[in-house]
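Enquirer: Chain by chain, the residues:
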Amino acid sequence: MDISVTLFGGLRHFLPAGSSFNKCNISVDEGSRLDTLLQQLPIPPEKPYIVIINDEKVSREDYADITIQSVDEIVLLPPIKGG
Amino acid sequence: MSWHKQILRVNLTTGSCTTEPLNMEWAEAYLGSRGLGSKYLYEEMDPAADALSAENKVIFATGPLTGTMASTSGRYTVITKGALTGAIACSNSGGKFGGELKNAGYDMLIIEGESDKPVYLHIEDDRVEICDAGDIWGKTVWETEDILAKKYSDPLMRFAGIGQAGENLCRYACVVNDKHRAAGRSGVGAVMGAKKIKTIAIRGTTGTPANNSRTFYDMVNAVNARMTDREEMARDGTLAMIDVTNEFGSLPTRNNRSVRFEGANKLNPEAMHTPNANGHTNLVTNGACFGCTVGCGRICKIDPTHFSVKDRPEYQGASGGLEYEAAYALGSAVGVDDIDAATFAGFVCNEYGMDPISLGGTIAAAMELFDIGAIDESTTGGVKLEFGSAEALCQIAELTGKGEGFGADIAMGSKRLCEKYGHPDLSMTVKGQEFAAYDGRSMQGMGLAYATSNRGACHLRADPYGHDFETTDTPGKAQVVAESQRDVAFIDSSGLCLFPGGCGWGMDDYTELVNGACDGSWDSQETGERIWNLEKLFNLKAGLGKQDDTLPKRILEEPADVGTGKGLVCKLDEMLPEYYQLNGWDAEGVPTKETLGRLKLG
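Residue numbers (numbering that gives the first Met the number 0), protein chains in the order written: chain A, 0 to 82; chain B, 0 to 601.
Be careful, since some hints might not be right.
Derived PhoX-like pairs: lysine-lysine, alpha-carbon spacing no greater than 25 Å straight-line [said to hold, decoys possible]: (1) 419(B) - 552(B); (2) 46(A) - 22(A); (3) 265(B) - 22(A); (4) 419(B) - 178(B); (5) 56(A) - 401(B); (6) 565(B) - 56(A); (7) 178(B) - 116(B); (8) 300(B) - 401(B); (9) 178(B) - 195(B).
Among the chain B residues that face chain A by a calculated CB cut under 7 Å, a handful are [as the list claims (entries may be wrong)]: (10) 240; (11) 243; (12) 563.
Hints in this document: simulated from the structure, not taken from any laboratory. The C-beta atom is built at its ideal place from N, Cα and C for all residues, glycine as well.
I would like the entire structure built from these sequences, with the hints used as guidance.
Expert: Shown next, in the form of structure tokens:
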């Protein structure tokens, strides 16, 4: 199944080739966990990000336990500061 | 050492301009800029005095690193008692004025008393004169700078002054330097206006002591190499934050009725970068302050066919554009998704000398008053002050700058406005100062930071961002806020900018530069804590107390409607007692004798 993922800020530089401005579709098997999906994004390990699924923030320690659904809206945000 | 060890003191009542040695005992305890300026203010004035009286003072303070070759060394601070808040005001600005003040040979300029007629200050190194401002009083910031630059025929002369908003004592009038950089918050420009001092025109050629050291040169290069993550800041500026907070659900919208704005994608960096239907692009280029290697500034142009500037060529050139806070205040806070309208309102703020955060926050409160019927078109002078109206935003911004019509009410700030019209709970303020661009329900640490900020609601008095984006749970937030308030106070007192902290620098980098410039070994936490407590003492003597360390009812009682904090209110009562305890304050938020003794404040 294809999952839509949106990356904001500087994270969009790590979208796979052929992605639109800040969105991409990631193909994963039915029943895949969040960490499997995230591993398909070429984001360097030193780049921190926040994951939000359907408007709820996901804790890092839960990445391996969350099963992705085809209807999920997944957003990755850089934890920038200031303003 | 990088202090000049010299102060310029100007008394507007007597007309005297004198120099005196910098108190180095204080400099070694409070560093410079925000900290050292606050020490002078605390010692020299009665904090209970009226902010607009002759007893108040305005201090322009550089830090030891201001004007040096260190990156982002253009910062200076205006310290006074705030006209908006009645609390200590420390408004920080970049641009080129701070470096020029330092290069003129002064660590600090103290302005006291009040003039009986409009004046401006002209400084060229050790030549200082108080000049008649009769021909520039009533002029905008932009006009004033152009007139004086022509008069002195010096393209390198720098200016920091007020527009008509300051002259009219708009409660959130700011001090604008270099036409579009500003010591923006708390009404420092109104204090200038009350003293009838229009601007400071300065040219400095004496240099800055630390720049003579090869060791310091090598250190600066080494520290600069550690600023590894600045490309995004140069490309998108602080505006990059709008997508983050909107998705997270912490972008205050329509006077904090919501925390997500459906029009955010029309105000974000891509909207600024992308040509509109007329082929016009809002962003012209990025801009940098003195000595800056980040370049977060936005230089923008309004579409010349836009209603706000059509047939008004004076607004069709490039000038300081929307940064994140202005995009919130003149955008989501008022429900306006028109980037040109928000940019125009921002230009008006720079031109007339107003803080865009407080202007937008006050217009947002007025829009809610209009929405619930507390005011109507008979009050607003015929302006349909509806959320989302770009026309109303532009019209009211100009009226406020000029102090005309309903603009005179907007110039009071949202606290006084909402009290006047019988709905004080609709003012999104702390200590009378309007919220910055974060909501304290999904960002609980920011809620605590707003409530406890010594200058009123502010996003730059603490650094709870990382913790807030991790969790809405309150444990640990009091410590993050307390410790980061000290770090920020230290950085603000150094003469450097906070933003390298988001581009790769850590506190060790700042401390290394301070140690290098000051030939010392500084403890950022200890120095910052001393400064924070001194500001607190000023506020206590000014009559502020625990009752002022709070948030509006909306944030404490109305749950956030969407986003990661949906259903949450700010749990201030869970965090505040721990915060006081961590600071060594009693249950009323008063520093204990032991704390004052430990910090040598007793």
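Enquirer: Does each hint fit the structure? Answer for all of them.
Expert: Results for each hint:
no.: 1; hint: 419(B) - 552(B); verdict: holds, 18 Å
no.: 2; hint: 46(A) - 22(A); verdict: holds, 18 Å
no.: 3; hint: 265(B) - 22(A); verdict: holds, 17 Å
no.: 4; hint: 419(B) - 178(B); verdict: violated, 33 Å
no.: 5; hint: 56(A) - 401(B); verdict: violated, 45 Å
no.: 6; hint: 565(B) - 56(A); verdict: holds, 11 Å
no.: 7; hint: 178(B) - 116(B); verdict: holds, 24 Å
no.: 8; hint: 300(B) - 401(B); verdict: holds, 23 Å
no.: 9; hint: 178(B) - 195(B); verdict: holds, 20 Å
no.: 10; hint: 240; verdict: holds, 5 Å
no.: 11; hint: 243; verdict: holds, 5 Å
no.: 12; hint: 563; verdict: holds, 4 Å
In summary, the structure is inconsistent with hints 4 and 5 from the numbered list given earlier, while agreeing with the others.
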